[in-house]
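Undergrad: Residue numbers (our numbering): 9 to 277.
Any given hint could turn out to be false.
Label-pair restraints from in silico Cβ distances [what the hints assert, rightly or not]: (1) P202 - L41: 30 to 38 Å; (2) T42 - G253: 29 to 37 Å; (3) A209 - G89: 25 to 33 Å; (4) G266 - A11: 49 to 57 Å; (5) G89 - G275: 35 to 43 Å; (6) V205 - D113: 16 to 24 Å; (7) D46 - A270: 43 to 51 Å; (8) I12 - G274: 25 to 33 Å; (9) V38 - T75: 47 to 55 Å; (10) L15 - V205: 46 to 54 Å; (11) V98 - G253: 42 to 50 Å; (12) A270 - T87: 49 to 57 Å; (13) V98 - I262: 16 to 24 Å; (14) T42 - V252: 17 to 25 Å.
Simulated from the structure, these hints should not be mistaken for laboratory data. Glycine included, C-beta positions come from ideal geometry on N, C-alpha and C.
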Amino acid sequence: MDAIQALILGLLQGITEFLPISSSAHLILVPVLTGWADQGVAFDLAVHLGTLLAVVLYFRQDVTAVTRDGVLSLIRRETVGQSRLAWGLVIGTIPAGLAGLLLLDLIDTTLRSVAVIATTTLVFGLLLGLADRFGARRRSVDEITLADAFWIGIGQAFALVPGTSRSGVTMTVGLMLGLTREAASRFSFLLAIPIIVLAGAVKLVEAFQSAVTPDWSAFLLGSAVSFLMAITTIHFFLKWLNAVGFWPYVVYRILLAGLLYALIIGGVF
Numbered sequence: 009m010d011a012i013q014a015l016i017l018g019l020l021q022g023i024t025e026f027l028p029i030s031s032s033a034h035l036i037l038v039p040v041l042t043g044w045a046d047q048g049v050a051f052d053l054a055v056h057l058g059t060l061l062a063v064v065l066y067f068r069q070d071v072t073a074v075t076r077d078g079v080l081s082l083i084r085r086e087t088v089g090q091s092r093l094a095w096g097l098v099i100g101t102i103p104a105g106l107a108g109l110l111l112l113d114l115i116d117t118t119l120r121s122v123a124v125i126a127t128t129t130l131v132f133g134l135l136l137g138l139a140d141r142f143g144a145r146r147r148s149v150d151e152i153t154l155a156d157a158f159w160i161g162i163g164q165a166f167a168l169v170p171g172t173s174r175s176g177v178t179m180t181v182g183l184m185l186g187l188t189r190e191a192a193s194r195f196s197f198l199l200a201i202p203i204i205v206l207a208g209a210v211k212l213v214e215a216f217q218s219a220v221t222p223d224w225s226a227f228l229l230g231s232a233v234s235f236l237m238a239i240t241t242i243h244f245f246l247k248w249l250n251a252v253g254f255w256p257y258v259v260y261r262i263l264l265a266g267l268l269y270a271l272i273i274g275g276v277f
């Protein structure tokens with residue numbers, strides 16, 4: 009892997025991980041369209057670590073409070089501060105964790121096709137648009153119940169299919185449950201932390217089992233770029249969210265799906 013490839017893939021991961029447009033789809037499509045060799049699980053691990061560091065650093069106060077209150081609630085056996093949010097994040101992570109264990113082989117083979125990506129990009133993009141248009145948008149993060157967290161977690165499990173978008177589908181379900189745009193986005197970003205840790209653990213095992221010699225310079229470049237782009241993306245996404253809503257991303261997904269379908273019909277894929 010050369011520096012240009014590492015730079016571009018790091019940029020893509022950093023930008024798309026937290027926008028509702030599917031990072032996995034872009035990391036699959038770009039090597040296919042450019043003729044690059046697959047970057048491998050070790051590089052994927054490196055850029056995911058970059059985005060993990062970005063979300064933890066950006067939401068460091070929330071992460072500290074949620075972790076502290078969650079532990080205290082266990083010790084005291086009662087609700088403490090943001091402990092309900094902490095347990096909501098745990099419950100929201102379980103469905104995707106179980107689905108990943110059960111469907112890992114299917115996800116890594118059949119579900120990585122361009123046809124699947126085109127379909128999920130279109131369908132889940134339209135669902136996001138409908139949720140943003142018709143959602144009540146009245147409830148804050150503090151009003152998220154454990155039942156809400158469970159349904160958002162079910163949505164997150166669908167994001168294992170490339171093109172769905174983890175952030176997109178969790179925000180969609182949040183909006184459908186009546187959360188405000190900011191609440192749905194903030195919960196989605198916090199929910200990214202445990203799922204990226206789990207995905208990183210799986211990729212770490214795969215990387216150790218691989219016989220490929222790590223390209224440490226490419227990994228470092230990709231990780232650094234993904235970190236910088238992710239923390240920038242989170243900041244401006246939240247800053248502009250109420251002004252622009254989700255429709256720019258919906259339109260992008262429709263256009264991308266249309267392009268992919270045209271390439272499929274044209275015999276490119």
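Undergrad: Next step is simple, just say for each hint if it's right about the structure.
TA: Verification of the hints:
no.	hint	in the structure
1	P202 - L41: 30 to 38 Å	holds, 32 Å
2	T42 - G253: 29 to 37 Å	holds, 32 Å
3	A209 - G89: 25 to 33 Å	holds, 28 Å
4	G266 - A11: 49 to 57 Å	violated, 33 Å
5	G89 - G275: 35 to 43 Å	violated, 58 Å
6	V205 - D113: 16 to 24 Å	holds, 22 Å
7	D46 - A270: 43 to 51 Å	violated, 24 Å
8	I12 - G274: 25 to 33 Å	holds, 27 Å
9	V38 - T75: 47 to 55 Å	violated, 35 Å
10	L15 - V205: 46 to 54 Å	violated, 25 Å
11	V98 - G253: 42 to 50 Å	violated, 30 Å
12	A270 - T87: 49 to 57 Å	holds, 53 Å
13	V98 - I262: 16 to 24 Å	violated, 35 Å
14	T42 - V252: 17 to 25 Å	violated, 30 Å
The structure shown violates the earlier hints numbered 4, 5, 7, 9, 10, 11, 13 and 14.
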